Structures are given as structure tokens and as C-alpha cells.
Amino acid sequence: MTAVAPRPTEQARRSLRTEALEARPVNLDGFVEEWPEKGLVAMESDFDPQPSVRVADGVITELDGRARADFDFMDSFIADHAIDVATTEASMALPSVQIARMLIDPGVSRAEVIAVTRGLTPAKVLDVVKLMNVVEIMQGMQKMRARRTPANQAHSTSARDNPLQVAVDAAEGALRGFAELETTLGVVRYAPLVAIALQVGGQVGRGGVLTQCALEEATELELGMRGITAYAETISIYGTESVFVDGDDTPWSKTFLASAYASRGIKMRFTSGTGSEVQMGNAEGRSMLYLEIRCILMAKGAGVQGLQNGSISCIGVPGAVPGGIRAVAAENLVASMMDLECASGNDQSFSHSAMRRTARMLPQLLPGTDFVCSGYSAVPNSDNMFAGSNFDTDDYDDWNTIQRDLQVDGGLRHVREPEVLAVRAKAARVLQALFEHLELPRITDEEVEAATYANSSNDYPFRDVLADLTGAQQVMDRGVTGLDLVRGLEATGFHDVAENLLTVLRQRVSGDLLQTAAVLTADFTPLSAINDANDYAGPGTGYRLQGERWEELKKLRHVTSATDPETEVD
Amino acid sequence: MTTLDAPAERTLTLRETGPATRGTRPDEVVIAVSPAFGDPFTQTIVGVPHAEVLRQLMAGIEEQGVGVRVVRVWGTADLAAVSHIAARLSGSGVSVGLLSRGTAMIHQKDLPRLSNLELFPQSPLLDAPVFRAIGSNAAQYAKGQSPQPVPTRNDQMARPRWQAKAALLHLKEFECIRADAGPVELEVTISR
Amino acid sequence: MSDRLVVGVDIGNSTTEACLALVGPGGAVTHLGTALTRTTGVKGTPASTRGALTAVGRVLAAAGRRSDELDRVLLNEATPVISGLAMETITETVITESTMIGHNPATPGGEGLGVGTTVSVLDLAEHPVAEPAVVVVPPGWDFDDVAAALNAAAARGVPVVAAVLAGDDAVLVTNRLARPVPVVDEVSAVEKVPLGMRAAVEVAAPGRTIRTLSNTYGIATVFELDPDQTRQVSPVARALTGNRSAVVVRTPAGDVTDRRIPVGVLELRGEVRTTKVDVDAGAEAIMAALARVQPLRDAHGEPGTHVGGMLAAVRDTMADTMGDGAGEGAGEGAGEGDAVDCAIRDVLAVDTFVPAEVRGGLAGEITLENAVGLAAMVRTSRSRMQAVASQVAAELGAEAVIGGVEGEMAVLGALTTPGTRAPVVVVDLGGGSTDAASLSADGVCTAVHVAGAGELVTKLVDSELALDDREVAELVKRWPLAKVESFFHVRHEDGTVQFFDQPLPAHVFARVVVLGPEGPVPIGTRHGLDAVRRVRREAKRRVFVVNTLRALRQVAPDGDLRRLEFVVLLGGSALDFEIPDLVADALAEHGVVCGTGNVLGDQGPRNAVASGLVAAHAQDAAPERGSG
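Protein chains in written order, with UniProt numbering: chain A, 1 to 570; chain B, 1 to 192; chain C, 1 to 628.
Read the hints as simulated data drawn from the structure, not as lab findings. Since the structure is predicted, the reported quantities are computational estimates derived from the model, not experimental observations. Ideal placement from N, C-alpha and C gives every residue a C-beta, glycine not left out. Do not take every clue at face value.
Stated by the list, open to error - Computed cross-link-like contacts, BS3-like style, restricted to lysine-lysine with a CA-CA straight-line distance of at most 30 angstroms:
id	chain 1	residue 1	chain 2	residue 2
1	A	K130	B	K172
2	A	K555	A	K426
3	A	K130	B	K165
To be verified - Partner residues are not named here, just some residues of chain B that face chain A (Cβ under 8 angstroms, in silico):
id	residue
4	W162
5	Q163
6	L168
Assemble the whole structure, with the sequences as input and the hints as a guide.
Okay, structure coming up:
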């Protein structure tokens, strides 16, 4: 029998200072004690396995203390596809501290480190990064990041799934510097219209921006194959067999999906992150980082070029345990150590405290990653259908100022309002014309006007949702492809936008975007680990924020002019 | 007003009366609680006492003139599973499943396990009036009526505040699972 | 001289249709295909050119032809028609001094009648023992506490006879009372209930309605009223009829009134006389006035009223449409000047009702207030089809000619329906207007347009069911209903049951649904299936049956429907699952053969005008003209 009696509540007198502290936003965040037996621990756990490897006849027969007969499917996949059997015994023989030092030693090149890390087991990788403090992790990231030039990625979504809002905010985001744009839906059936809007809006803002639409996997693949999206990212993988099985998936099924994208020359990356397994109650007693390292190795074994990690939607879990944000920084580093593109998180509402939000992203912003945010909200967070990002449109000026203060490149820049208004208006008019051409529900002049000056979805006239959904269905039924969009843009007189989109679509023929960490520059040059390899080798080397780009980042909304202090620099 | 300022603290007593059986009355809703409900846990993730949660759910059902039985599921702490087991025990086929942290679901026996009639996943946003409305809607489904779904709320900042605690409560609840024990009938006493 | 490729294009209000055919030297027609697209902009204006080109492009592509093979594009003389809708509520129920609570909570408690003095639960402890108490409970009280307070008072000897609660707690409280009494709950403005007044609370058994408070003499008996006072309470009794529960409080000046709201005057100017009618007189009076002034030349609403605003807006839209780049090639018959160009040529008034919250009510009581729905139509004689034709010709590299009048073309097209012959009348059931055209045996064609069609039906369904969602109303109009009785079966509106192998989606469980093309869609209403069906059919009857009869009377010889022989229904609404039947039933009384057209034997009620254009061209071209 159970009896629950009410608990007495006592009122002790509190100091005024305590009251002031209690009122601070950080105290709205949740913090929990570690529970290593259940995996509720960031990266330091007695319950993680010890590194070991054994090879016989070219096959790994023991992995981190487990014999091949006892492998779960994650172990098998990693042993057979992720670890370089030829070098593993030599790599594993190196002391962890030596590998950790190689990671931060400017005298050791990125290629030399990769030659070692490709032979490491998950427990060994964990053993290495456990030796590193957060500054060393950043040093490692600075060298190990795949692409020399850092970049950033945005979310462009709408609380009303309004395609027009998605298009104009995509255009503004592209203009502000995001190299990739991502959207998703509240009402999934809206997807075709919103994906078209994102694609077209992005190409108005800056030719060469890549877009994707996060959906259930089959539809996401179909939109990609049709050329309505340019890449894919939300293919989730997990660190334990039980969580994988719960989602009716295996490493092989995910790999098959990855190859479907590759077959059409479409860029894609997997998604994983610390905390997901313990969140679902199936951590099998391992630390969050250990399980994430298994995910990273699985991604490598699957042959995908990159990974979105940094806890992502489970950030509240590592964020609540001691050392959790260090572990998140470490998981980004491990992705880069494994020679994968790393889209490094910072993409989910993380804290009530602005200070904590900023501190959480410094380990990615300061060294630079392939995408500092794998989803900076280019719409107000109230419109963010990924449930809110760590940064949104309100933070644009703060972000730009931090870049200028520390002289680091976080992928964005300040843009003057007339330019912003111009691309927003153009994106709206282009979408209006394209919808008209494709006989999709009309976008009125009133909507175009509202879109030009809007902040959030509340600033737009209501659309006829039923008509939009019917239109969205027609896009699918009529088999509209990216080429139809190009044709429509050309027919409606937007030759430049048509040209931009066609050039993006053409990349899937050359396959250049399948290279690690590939993005397209404004002149459509694919920039990847092949032609823009990270060559950091200590002070004065690697990517430096200087020259034209630095001049660009010196601009802010309000900077007093030195020549005429009564005016501001324009 | 006098009564609301100091909400009356109540004591919840749950007494097992034997294995849960399938109901025959078409006008009943079965509420199923998870293994740790009431003991060792006493309140939801945001501190709504379990006594009040059950009292309001049962009141919502009673106000609709529908009968209620309460069972405890020992074998799982998965909300969909708890709710579906209860739906299959319910004479009307309608059930309310309840986890200790407050997450709730209205289920129906003919639905696939992973589907539901209404789901309330954001446990931090569930308070006494919401539990009353959940009970009321479940009873109306049992009567074959079409209630408006209980409005679900959303809060992006629930993640930083509650995600880890929810994970912790989930793990603790899992500790209380008795894999080999079947669902049991509970006699509920709520007293002041 | 070989066969020539021609295409007929009909630019309608909402759809643009094309009909592709080969016309032989002898006028023989070989049909190659048809196409349909949405009309771009207002029909007959240059904006509609793009839709026409799309339709032509589609029909050519489907037939595997190129535009340079086209000999001629035949366009209809599309005169723009713009319609507008308005809804005016003309009655209002007002409760003064909070004399009654007439809402119907889903779950009241107890049963029977309790008469006593209203007292707040806060003052119950001091209530005199001799005085029967009707306890009033403000929001926030827990049901356990309310029951305890009532039980304590009863134990003290106070005759607690009834209770009125703010929260949804009536059954909970009643179940906890030592002696149950009638309890009415969910009274949201309970603080406005006057205290210290004599009051009666009545709750009927489930499935029953109240008997005492819905009866004037019942109220008189309870409150010991004299005949004059009794006369005053009769609206109260009427307002409570059909309720399962009610509260009546006797206050010195309390009253319920049902008053008419003056909503403005409609001025109808006919050819010979002008008349004015109050809109709140209702649809019958408006339509009678309209009949007196026929044919209508223009209509005006009193400025500052909703009707005035609506008519002005319709007029302005037309003026803008026609004014935009005006001056170029007007068709024949123009020249009446701008003011006449944008005249309202027809009005349809329909009586309807709108669920509205009662003013002065305490629990969000809803009554059905009377309302008038109005559709108005502007038709202009000035066409800008010449501009459309020039653009089409330039784009396709083929001659574009403007063919005959729409009505005549529709008749010609309709006559391709198997089993028809002249004399014949076609009725085009559209979205904004209902059009009729008749072809007499001697080849004389008459055409009329009357205001009100599918859009008005949608509006009536939306407001009468209080959906406040045009999209759902549109679905209700278009598709049959069903009730989801379990996850594996639905009962259709005709009573038949359909079973499913796979469970239906959870969000439709136990709901009244529309069986649309994408599966069942739940309707957000508390009404049962029968009520929704009645509203839908009534709306269609009041618009389409009434308008068909109105239009036919105008084209029938001497206005006598019995002298019509064949009536062919055309247009989008003729595809509806019940409108053709409703119309046919109504016409059967007049001995008219009526059915949905089947243009070219396979197009159904679609493509009549486009096919008619081709047919007319073939007739004209055959004997004398070889080529253009």
C-alpha cells in the first residue's frame, strides 16, 4: 500500500541578495546531479569500457574489451566499416596522451593526426579527449576542422508555414552570410511549397546558397531527388542498438539511405548528439560522450561526408550535468578528428541566460567549425519550427559585434537596411511570380508589401491554408522538379535567379558537393576539404580574418565616424 | 476568496486489490498509473501532488457521469504502452495513461499502440485544470461524444529547464518496473 | 483546302476552358480534346490572358499539336461579372438585470425545481434558517468545499434548495450532497447574479427538457405574479424552451427582449420606378420589392451601413477593374457611361440565422439571431476582350477572334449533350452568379444573370453552423457527411455503414466528418450530423433552387415555366452531388425535363461555351468563307 502525505513547507527569511540571485534568468535553467550507472553523465564515467583492439586475419576480433561474438550491431558496424584494420593496432598502441598532444601541436599536421585517428576505437577516442580541457579542445578544433573557411547555417521556418515568410527570411539570411538554409514544417503537407520558397528565396539572397527541408525520410529524399532541395541533414543515428531498434532502424538502413542521396549527387550528413540515448532511457550505462563517439564512427563507416552534432535537440541533458558543455565541444572535435564535416549544433533553445547562451557557443565560434550553428534562427524564435534555436534574428547585432570584438569569423556580417529590404522585396516578388506561373495559390501585392517589412509571421496577412495545401499536393502530383522552378523563373523574367538555381542543380552532375564540407561560394565555386583544406599549422597560418572580409566585419549598425564624429559610418 | 489561497493538502492512498481485469461496463474509463506513481514519487515534474492529479482526473470523469477504475501498470513505464494496456482493460475501450512526472495520454483500445486520441507530452505544462479537462474528455470519448481536444501548450524554454530532470525522472521510473508483474487494480483514497 | 485547327476558349469567372477541334471545309467538326485551368484575374480583363494561354497550351500539348498549326483562336465575349456578399444580423436578444440564465451546460447536477433566495456561498453560514437558499458559488471553489458548505448549511437547518456554480462541477457537487438538489454550472459571469432575490433553478432528467420555467404560467406560479407581470415574463419562458436546465431570478426591472436592429435601407432603382426597403424586414420583403421594380438598373445601400459598404465595394472593384487602362477597344453595346457601367444589376436576399452571444447573459448563452444574407452582382457592358484577343494572337501567332455572346455559345455547347434539342434553356450554376440562357425554336437567344451562387452557399453554411472557417464550410458544401462511430466504421448520412480494414485517424474519432477527397475531415461543431446536413441542403435550396427559378422565369416565354421543355444544368456547381437533384425536384413540379449537361457526350457540365464557340465557328465558316 502506498500513502502520500503532504509535505510541510516552511518559510525561512531570505536575504535580499538571494532574492536578486533567484530572479536571475540562469536559475530558470534546470541542473541535475550525475548518475553514471544510468549514463546520466557527460564524459567521465567508470562504467565506460576500456580501450582495446585485437585483429586476426584482417578482421577486428575484439573491440574495447568485447569479443566479436559479443558484439552488438553498433560494434560490428564500427569494427567492419569505420576502423582502419591495417593501422588500428599501431594507432591503439600510442599512449592517449601522445595523441592528445598531437591534436594541439602545431608541428603535427592535420593529415598526420588523421592517419592515427582512423585506427582508433570509440573508447580510445574518449580516452584521448578526456585528457583535454576546453581550451585544448578548441585548439584541436582549429586544426582539425575539415574546411579552411568557417561557415554558418540558418533555420528559416514560419509558425504559420507561410511560404512567403520562409522565402524572404531565407533571402535575408543568405544576404547576411549563411551558406546553408534549413526549414521544416508545422503542417507537414505544406512541405513542397515551403521547400520551393526556401530554395528560391535563398537564391535571391545570394546565389549558391544550399537548402534543405527536414521531414520524414522518404519525403525528404523525394524532394531532394526532384531538386526542390539541395542537401539533407536530418537523418538521425544513435549510439545504442536498443534506441536504433526502437526507431525501426539499423546502421545498415541508414547507410542505404545515405547511398540513395549519393547516387544523385546530393550532399547529405547524418545527425546525432550527446544525451539522446539517456533521454530515451536506453544509455546501457555508458556516458553521453562515449555513445556519441560510437555515432560519429558509425557515420564515418557509412561513408557520409559529414555529421551534425553538438547534442542538438537533447542539449538540455548535457547542459544540466557537470562538464556537459565541454563534452559537447569534444563531440564536435571528434567529428572533425574523424575527417568528417562538422555542423556543430548551437541550434536549439539552450538557456534562459544570455551569458550561458553565449558561453555555450564560444568553443565553436572561436576556433571556427564547418558550420558554427547548425541552425541559427534566421526568423524570430517564435517562428522557429525546430522548437527554437540558441540564437535568433534578435541576436544578429550581438553576433556581429562579438565577431568584431574578437576578430573571429562566425559566418555572418552586418547588412544595411536598404539592401535587406531590396532582397526581401525581390524574393517576395519572385515567389509571387513563380507561384502564379505554376498555378499555385496566389500571393497578393499586399502580402509582398508586408513581407518586405515584416519581422515575424504575425506581420503577414493570413493565407488560405486549404488552397495552399491543395497547391502543395499539386506540386507532388504534377511531379514538379527543380528544373520546372528554373523554367518558371526564366519565364517570369527573373533570369538571374533562374541562373543561380540552375547552377546549384548542376552541381549534382559534377558531384562536387559530395566532397567533405562542401559549400558554394557566391561565384559558385565549390569550397570543400579538397580545394580549401584546413592548413592550420600554428600562429600566422590557416584561416585568418583579414583583408576584405575583415573590413566587412568591422561594420556594425552604429559606428561613430572618425572623420566626422557627429555622424556614423554608413 | 477563501479556499484557493491555501490549496488543501491531501493524502493519497493507493491500495492494491488484486490483478486488474477487463471491465464490462461500457461507461467506464480506466486510469493507468506508472510503476513509481504515488511511491516513491509524490508529485509531477513541476510539483503538482499526485493526489491532486488523480483527484482532478477522476473528477473530470465523474462530472460527465462516467465510471472510473484505477490500475497500476508494473511491467513498463512507456506512456503509450501503459495507456494501451489500460485501454484494453477498459469497458469503454477508453483510458488515460499517466506517468509519475505528469505526462499523460488518452488512448483507445482499437488504436495501434503508438497512436493515441490525445497526447500531453509536455509534462511541465500540465496543471490541475488540465488534468480535469483530460478526465472530462476521456469520459466524453467513452460516451461516444466529440469533445474539443484539450488545448496543448508549448514552451520552447521547457527544454533548458526540464529536459534533464525529465530524463532523470524517466530513469528513476524505469528502476521501479517489475517486468514480471501484471497490472493491478488500485483502491484510491484521497483524504485531508 | 484542308481541315483547319481551331481552339475555342471560354474565360469564365473561376475557370478558363479550351476546346480543340479540326474544322473541315464543309463545317464538319472533329474534336481533339479539352482543357481546364484557373482564370487569372477578372474575366474579360487583360489579366485573364495568361489563363487563356495556359488552357490553349495544355490542350495543344495533350493533343500533340503545336501552336503554329493553329488557324484560329475563338474567344467568348466575356463580360466581367463581380459579385459581393454581406450578412446582416437583424435581431438581438437582450437580458436586463440578469433575470435569467438560459444556457445549457452539458452536465447540470440533480433534478427538479428549487425556489428560494439567492445567497453567496461566502455568506451561507449566516443565512437564516427559515429562508430557502439558492446558493451562488464564485469561480475557484473546489467541489469538495462547495459540497461541504452546502451540507453544513443543510445540517444547520437551512433549506438548501439549489445552487448556481461558476465551474464545471455540478455533478461532482450533487454527488457529494447529503440531499441532492438541482445545480446549474458553468455560469461564467456568476458574480452578476443578483443576491438576496427570489430565484428558481430547474434541472430536468437526462434527455428531458425543463417544464416549469419554460412555461409562462409556470413562472407565474413560482413567483406569484399578477396577469400584467405574467405578460412581461413570457419572453423569458420562450427563451428557455428546449433547455435541460435554467435559472430565473426575479428582479424589479428584469426583462428579456427580442428587438430588431435597424441595419439600413436598400434602395432599388428599376427601369420605371424606385423603391426603398428596410433590410431588417427580411429576405421575403426585399425580394418582393425587387420583383416590383424589375428590371433592376441599380441598387444602393444606406451609407454607413454594412449593406451600403458592401454594395459600394462591389461597385468600386468593378470600376477599378475596368478603369485600369480603359479606353481601348470596347465591344459593341458600350457607351452608357461609367456610372451605369458599374451598376448593381441583381440582388439576392436570403433569410438566415447567426448564433450569437446573448447581451446581458451570464453564462455565454447563445441564441440564434435572425440575419439576412445578401448577394449582389455588377455586370458591365464594357468589355476589354479586344485587348485579350490581341495579346493571345501575338503570343500564339494565330488569328484570335471574339465569338458570339456567352449565353448563345453555352446553349450551342449544351446542345451537344445527347438527348437534347432546341428549344432549350441552359442554367449555369457558378460560384458568384447563376446564369440562364434560352434558345427558342426560331433561333432567338435570351440570357440573364442573377446574383448568388456557390459562394453564398459557403457563407450560409459557415455562419449558420458557427464554423468561422471558410475552408471547412467549403468542404461541408462539397462532400457528403458521415459520423465516425468507431475506428473501423462510419455511418454515412444516408444511414449506410461502411467498414474499414485499417483504423481511421485518431483525430476523427467519434466526430461528424466530411468525406473529402483526402479522407475524413472533422467538423468543429457541436451539431449532430442531421443538423449539419439540414443546414447544408437548406442553404443550397435557398440559393440555387430559388435562383434557378428566378432566372428561368426571366427567360421563359411570358415567364411561364411550364412552357419550357428542356433545361440543361451547366457549370461547376452542376457537378455537386445534390444541387442538380434539388433543382430537378423543384422543376419537376412544373413539368420541365431537367438534367446535368454532358457536353460533347463526355465532358459533363464542363466546356459548354468553348465547345459552343467551335460549333458556331463551324456553322458560320462552312458555307461561304474558305479561309481568313
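Right, here's what the structure says about each hint:
1. K130/A to K172/B: holds (28 angstroms)
2. K555/A to K426/A: holds (24 angstroms)
3. K130/A to K165/B: holds (25 angstroms)
4. W162: holds (6 angstroms)
5. Q163: holds (3 angstroms)
6. L168: holds (5 angstroms)
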